[in-house]
Structures are given as C-alpha cells and as structure tokens.
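Asks: The residues making up each chain are set out below.
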Amino acid sequence: MLLLEFFTPIDPLKTPQLVLALVVAFSMLAIVLELVRRQKLREEYAFLWICTALVLTTLALSTSILTWLSDLLEAQSLVSILYFGALVFLMLVALQFSVRLTKLTFRGKTVNQRIALLEAEIEELRDLVDDLKAGGSKDAKKPTETPLEIPRSATEIEVPKKKGPRNKVS
Amino acid sequence: MPIPPPSSDTSVDAPHRIPVPRHRVGRDVLVVIPACNEAGRIDKVIRGLQSLPAALHIVVVDDGSTDNTREEARALGAVVLRHPFNLGYGAALQTGYIYARRHGFARLVQMDADGQHDPESVPALLDALDDGADLVVGSRFQNPGVAPATTFLRRLGSRVFATIVTMWTGVKITDPTSGFQAMSSRSIEQVARDGFPEDYPDADVLVQLSKCGLKLVEVPVKMHPRLGGVSMHRGTRAAFYGYKMFMSLALLRVRRRSPYRSAS
Chain A
1 MLLLEFFTPI DPLKTPQLVL ALVVAFSMLA IVLELVRRQK LREEYAFLWI CTALVLTTLA
61 LSTSILTWLS DLLEAQSLVS ILYFGALVFL MLVALQFSVR LTKLTFRGKT VNQRIALLEA
121 EIEELRDLVD DLKAGGSKDA KKPTETPLEI PRSATEIEVP KKKGPRNKVS
Chain B
171 MPIPPPSSDT SVDAPHRIPV PRHRVGRDVL VVIPACNEAG RIDKVIRGLQ SLPAALHIVV
231 VDDGSTDNTR EEARALGAVV LRHPFNLGYG AALQTGYIYA RRHGFARLVQ MDADGQHDPE
291 SVPALLDALD DGADLVVGSR FQNPGVAPAT TFLRRLGSRV FATIVTMWTG VKITDPTSGF
351 QAMSSRSIEQ VARDGFPEDY PDADVLVQLS KCGLKLVEVP VKMHPRLGGV SMHRGTRAAF
411 YGYKMFMSLA LLRVRRRSPY RSAS
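Quick mapping for you: the protein sequence lines, in order, are chains A and B. For what it's worth, the working numbering labels the leading residue of the first sequence as 1, then goes sequentially. For what it's worth, the working numbering labels the leading residue of the second sequence as 171, then goes sequentially.
It is worth saying that the hints were derived from the structure and are not from the lab. Treat the hints with care, since some could be wrong.
Subject to a maximum C-alpha distance of 20 Å in a straight line, what follows is the list of computed EDC-like cross-link-like pairs (lysine to aspartate or glutamate) [unchecked claim]:
#, chain 1, residue 1, chain 2, residue 2
1, B, K385, B, D301
2, A, K103, B, E368
3, A, K103, B, D369
4, A, K103, B, D364
5, B, K392, B, E368
6, B, K414, B, E368
Residues from chain A that keep clear of chain B, each with C-beta distances beyond 12 Å, as calculated [to be verified]:
#, residue
7, S27
8, L33
9, E44
10, Y45
11, S62
12, L69
13, M91
Counterexamples of contact, computed for chain B against chain A with all Cβ distances above 10 Å [to be verified]:
#, residue
14, D237
15, P254
16, R407
Given the structure is predicted, the values throughout are model-derived calculations rather than measurements. Backbone N, C-alpha and C fix where the C-beta goes; we use that ideal spot for every residue, glycine too.
Same shape as in the complex, but just chain A (with noise of 0.2 Å):
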C-alpha cells in the first residue's frame, strides 16, 4: 500500500509528462547498456548516463520526492525539478568529459613528441651506421681512433663460431 502510494503519479505531474519522462529514461537506459554490450562505451562513462535515467526515472515515479524537492526549492512547477535533477547529473557527465579530455591532451602530446624525438633519433644513428659503414670517408672526420670492423654485408653478422678476444660482442 505504502509503495503504491509512493510510486502513485498524483495530479501535479500529468500523464504526458510522466510519460515523456519515464521514455526518455528508459531510451537513455537502453541505449547506454546496448553501447556497452557492444564495448562502444566503457563501464566507467556509462555510470554517470545510468545515474542520470535513474534519476529521472525515480524523479518521475516518486510523486513524494518530487513535491518534497519543489516545497524546498519553492519551485513553481514539478517539471522543471524533475528535468532540474537530470540536469545536474548531465553536467557531472560533461564535467567528467572535460576532465577525461584534458587527460587524453596531455597523453596525446607526450606520446607526439616522444615519437617526433625517436624518430630524429633514429636518422640520426641510421646516419651513423651510415658513415660507419662507408668507412668514415667523404668531407666527415675520422670518427674513432681505431677503425671498427664493420660486416660487408648483414649476412656476415653471425655468432662468432671461435672465441676470440677480438670477436667478444661488447
């Protein structure tokens, strides 16, 4: 009895509100779990979409609520309490988003520029190998003292079969 009178839709909210409502709720609902079955929306974003349905669902339904908040707000209707509290956990999503935003900025650049920097590393030792093997010749200046051995070609890279000092991989 008492939970039919909670959840009882009473004169102030009319039928199509209440409906209107109770769809949106329940679409939003839909929605959100479908895209997390299909792993389109992670468990963590989708919290804040639920409470959200949950909210106007519960909002929508509990007359009781409904009118306690409007009496304390001294809200002219209970339409706009009911959408005021959907409201206010949109804006946690948005704010949420903000925050996860300005996360995946700062990941996004570090990575940038460490990419930028290995890839200017990594012409500047294909140069070196370059040089090396060309012997050191041309305008550059001799790079070491003594020359290294450097494999004609990359089928000569192999394990050395004798074990010599000279052959040791440093």
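With the hints as your guide, set chain B onto chain A.
Replies: Just chain B now, kept in the frame of chain A:
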C-alpha cells in the same frame, strides 16, 4: 668521436644519452625553431643562422606542417623533429627542450620560423647567458628597430602582462610575449618537464622560472614584420590568449602538478 659517459639521469625523458652526431661536435648551442607551414620563410631563417660565426646546432620542430617546411629545413642540414599532428606552439617548443636535455646542450636559443626574429640578435642573447642569466628574453620594444605591426588590443595586452611580470619577478620586462629567448641548462631542465603550457607559454613561464630561482634578463633584439604566413594570435585566439594567461597567472601560486602528466 667523443662519446659522453653513461648518464646517471634516470628520468623518463632522458633514458640514455645518444652519441653526439659528428655534425654537431663542438656545438653546444641548440637553436630551436618551432614551425608550422613556414616553407619559403624557414630557409631564410636557417641560412641567417648559418651565416653567424657561432657554431649552432639547429633543430626545427615541425608541428604538423602540410607544406615543404620539413624538406626545406632538412635540405639545409637542420635536424627536424616532426610532430605527427599539430600540437601547438608551446608543445613544439617543449619538444625542442626535451631534445636539448636528452642531448645535453648547455645553451639554447628559441626563435620563430617566420622571419620575425633576426638571427643577428642571437649573439646578444648568448652573451647575456654567458653573463650568468638563466633566461634571456629578447625584447622588440627596447630597440629602435622595426617592431612588427600589431593591433591596439594586442599592444595593450602585451603592456598589461609586461607590467604583471615586471612587478612579480622584479625584473624589468617590456616584451613578455616574445618568443625570441635564450636559456641556460638550468632553465632547460625546468621547461623540459611535462607541465610546460602547450598553447601559449609566455608571461606565466617567465614568472614560474623566476620563482624557481632562475635569473631573468631582458635584452634588446631586432625584429621584423613577418615574411608571410599566418600569426597564431589571430582573431578570437587573441581573446583566448588573454583569458588563458590571466587564468594561468592567477592560479600560478596554488597550482598542483597534474597526475595526468607523464612521470618525468
């Protein structure tokens, strides 16, 4: 070839010191030039730098250019660090700073790629570094040379921030938005950290470095009107710049390190 001893630096950005490439042996000054679509202008800047008596190692940070900026710079022997996307002026500068730290440069000069900053002023900046400064700001307003034409609003904004920086740091700064600067290794260490502003690093960086105990100095430099291309302070971005700088300065003292930053 002198190979530096293994570094004891264990931070993420400096996992190792790579051998000094032969073309920069004996060059301890790094010139960082952030560039985005500056083909046809950047070559003049690099040539100007190369005609200086000082041995400079030039690094162009290509911030997502879609033109020949990269090819022009490489053809002239500059090292090009290429961002896969446009990350912003501050991020481009910082990539250069990280490069400087990784390669152990003791001095760094940063300048624009559009020809506004005259390479002839580079020695003046380096002299100020040698005199013990950690951060040298090149000011266009201390010089009778041709200052770039700006709008009234931008001049006003520049004046406001100049006043704030001067009052806050105790060093007379007339051109806080100048991107023509020189840095010591102590400054490089600070700005290479993750947390350097990505968009517009100006007045807030000056104040921050000064608060770290680094010595700021301003010297007159020669600047020209840009050779073309588009200014990054155009249209509504100037308004955003003002907002961002005020926000950044207002929260400077209470700011905390972001947990989202990389662990360097």
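Asks: Could you check the structure against the hints above and give me the numbers of any it violates, in ascending order?
Replies: Violated hints (numbers, rising): 5, 15; every other hint is consistent with the structure.
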